[in-house]
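Protein chains in written order, with our numbering: chain A, 283 to 451; chain B, 10 to 382; chain C, 48 to 125.
The hints are simulated quantities; they were obtained by calculation from the structure and are not laboratory data. Nothing false has been slipped in among the hints.
Subject to a maximum C-alpha distance of 20 Å in a straight line, what follows is the list of computed EDC-like cross-link-like pairs (lysine to aspartate or glutamate):
(1) B:K130 with C:D98
(2) C:K99 with C:E109
(3) B:K130 with C:D106
(4) A:K392 with A:E363
(5) A:K404 with C:E73
(6) B:K164 with B:D135
(7) C:K77 with A:D378
(8) B:K105 with B:D169
(9) B:K244 with A:D378
(10) C:K99 with B:D144
Chain A is faced by these chain C residues, among others (derived, beta-carbon under 10 Å):
(11) E73
(12) E80
(13) R81
(14) L84
From the three backbone atoms N, C-alpha and C, an ideal C-beta is built for every residue, glycine too.
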Amino acid sequence: MRSVFKLCLQLSIACLLWPGAAALASEIASGQAAPGFTLKSLSGKNLSLREYRGQVVMINFWATWCGPCRQEMPALNALYEKYRSAGFMLFGVNVDAESANAAQMAGKLKVSYPILFDTDKKASALYQVNTMPMTVLVDRDGKIRHVQPGYRAGYEDKYQAQIREMLRE
Amino acid sequence: MAAISAPSRRAVCPRWAGLAGLVVGLHGAVCAGAVLPEERADAMYHYYDGGGVRVTGPALLVRKNMADKLSVSGSYYADTVSSASIDVVTTASPFKEKRSEYGAGVDYLYSDSLMSLSLTKSSESDYVADTLSMDIAQDLFGGMTTVSMGYSRGKDTVRDNNDPTFSDYVNRYQYRLGVSQILTKTWRVNLDYEAITDEGFLNSPYRSARILGAAVPEQYPRTRDSQAVAFRTVKSLPPHSAVRLEYRYFWDTWAIAANTAEAAYNRYVSTAWLMELRYRYYSQNSASFYSDNFTQAQNFMARDKELSTFRSHALGGKLTYAFQSHPSFLVKSTLNFAYDRIRFQYDDFTDVRTGAPYAFDANVMQLFLSLWF
Amino acid sequence: MSAPRYRAVMLLPLLLALGVGGCAIEPWVKPYEREYLADPIMNTSRDPIADKHRQHVFDTREAARGATTSEGGGCGCN
Numbered sequence: 283m284r285s286v287f288k289l290c291l292q293l294s295i296a297c298l299l300w301p302g303a304a305a306l307a308s309e310i311a312s313g314q315a316a317p318g319f320t321l322k323s324l325s326g327k328n329l330s331l332r333e334y335r336g337q338v339v340m341i342n343f344w345a346t347w348c349g350p351c352r353q354e355m356p357a358l359n360a361l362y363e364k365y366r367s368a369g370f371m372l373f374g375v376n377v378d379a380e381s382a383n384a385a386q387m388a389g390k391l392k393v394s395y396p397i398l399f400d401t402d403k404k405a406s407a408l409y410q411v412n413t414m415p416m417t418v419l420v421d422r423d424g425k426i427r428h429v430q431p432g433y434r435a436g437y438e439d440k441y442q443a444q445i446r447e448m449l450r451e
Numbered sequence: 010m011a012a013i014s015a016p017s018r019r020a021v022c023p024r025w026a027g028l029a030g031l032v033v034g035l036h037g038a039v040c041a042g043a044v045l046p047e048e049r050a051d052a053m054y055h056y057y058d059g060g061g062v063r064v065t066g067p068a069l070l071v072r073k074n075m076a077d078k079l080s081v082s083g084s085y086y087a088d089t090v091s092s093a094s095i096d097v098v099t100t101a102s103p104f105k106e107k108r109s110e111y112g113a114g115v116d117y118l119y120s121d122s123l124m125s126l127s128l129t130k131s132s133e134s135d136y137v138a139d140t141l142s143m144d145i146a147q148d149l150f151g152g153m154t155t156v157s158m159g160y161s162r163g164k165d166t167v168r169d170n171n172d173p174t175f176s177d178y179v180n181r182y183q184y185r186l187g188v189s190q191i192l193t194k195t196w197r198v199n200l201d202y203e204a205i206t207d208e209g210f211l212n213s214p215y216r217s218a219r220i221l222g223a224a225v226p227e228q229y230p231r232t233r234d235s236q237a238v239a240f241r242t243v244k245s246l247p248p249h250s251a252v253r254l255e256y257r258y259f260w261d262t263w264a265i266a267a268n269t270a271e272a273a274y275n276r277y278v279s280t281a282w283l284m285e286l287r288y289r290y291y292s293q294n295s296a297s298f299y300s301d302n303f304t305q306a307q308n309f310m311a312r313d314k315e316l317s318t319f320r321s322h323a324l325g326g327k328l329t330y331a332f333q334s335h336p337s338f339l340v341k342s343t344l345n346f347a348y349d350r351i352r353f354q355y356d357d358f359t360d361v362r363t364g365a366p367y368a369f370d371a372n373v374m375q376l377f378l379s380l381w382f
Numbered sequence: 048m049s050a051p052r053y054r055a056v057m058l059l060p061l062l063l064a065l066g067v068g069g070c071a072i073e074p075w076v077k078p079y080e081r082e083y084l085a086d087p088i089m090n091t092s093r094d095p096i097a098d099k100h101r102q103h104v105f106d107t108r109e110a111a112r113g114a115t116t117s118e119g120g121g122c123g124c125n
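Sequences are here, hints too, so could you generate the full structure?
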């Protein structure tokens, strides 16, 4: 059985030194054109990404059952309030099966940016969302510039720096 | 009857180093992450009443997260035991006893690995138990699989309230391995294995065995190796319910084999009410050195009903009320009431008061408040 | 070939496939489809304080012990 032990050890070292393995997973990457979508919003009307060409757009995929998503939203709301007049738009794309739950949570978190309902998960599949939450920054030309999976405290500072840079273009 | 030699100490510890290497190594290439446990505070009152024993007391649990990386928890648990149980009533007089247990734990989140360390100290007038536990849980394959490993080390000091000169110890070693796998959007299965080794004074200084009706001190082996394998499955029945099924098989070096099976049904009755219904079946056969009444003296003799052949059925449920409005610093708050009724039926342990096989019913109740922040 | 070496050679491709392939296996339940799995009723132990006490009630009266805790993938977060 010592050979199995040695095997496990060798395999783990191999995996550790194989960063390329992570790249095997498909992911949406910066430089690509942001896939278009049209979704129903909380206000009732349909919003589409194409309408906001010329503005810097942040697309944040979230769900009511995702802890880090709920933590992040007030910080994103602060960014929206600060930069919306400079040409910044934020879409909160929700993936809950019941849009009523999303509407209620957005109200509780006092979010002012548009909430879109992706109940049939088409936009999530287009953007190959592989973590919840996922934040995508799209520049004025409709090109994806940054993709951030997950949320940890402090990410909002990184987003702020990226947004300011993109607004200056 | 041939003398039963002490069970040999089989090496129970598998290839941990290799497995740990595999787990830590895989983390470098994994696609999705893990999260810290939820922050919460729970306060509970628990109650047990059965077989002449009543145990009540409070329990508290608080968990707080820091910097998205660390989670600290503290717990307190107390039992106040008023006992006139069959063991006590037939060989001694009723007593009152208090046991308190303090626990502290720390969880550290590093990418997709959650590492936990915890310490528990339990003390009563004649028994002190200290336990140190280490666990690691690793998310793999985009979070579809979670592999976990754990180790616990316990050190107990056993005393005798009737004999101040008596003092002995127990060393406990526990090894855990678990795999959790998401099968579909609504279905998850778990497989768990745990090996436990005890070494030291493993019986109670107060209990006696019987040889042809006469009371004699119990003699236990100084070691016990046990293993358990459990399979669990949870299936969501959208949009409001879930079903859980569990089965565990246990066996040890005292020749005991036990089966545990449990089924539970959870359902959201309305926005505020959640109910659970559950049934648990348990059966075991007796230890090789157990007898209700020995015909002659042996190397090892036990008359603990815990080591006899018996079955139990537990039927119960839990009702949860989620408060619809609460202070803004709370994310969620619930009030819960749980009740189980257990029937114990012994095949080869007799009630010396009646001469018939012993059986009793027990009521278990829990009332607790949970706050999430 | 000796038995341990034979076992190692047979296991090697499986373990390699598991190790490397596992790093790249596409989850068939996407993180945005984990809604039901993340629900508290799908958690085998949603009230640790109560479950710990209930398990203690059984452990102190039964010979069997162990393999009682388990946790698993729910959220797909972070």
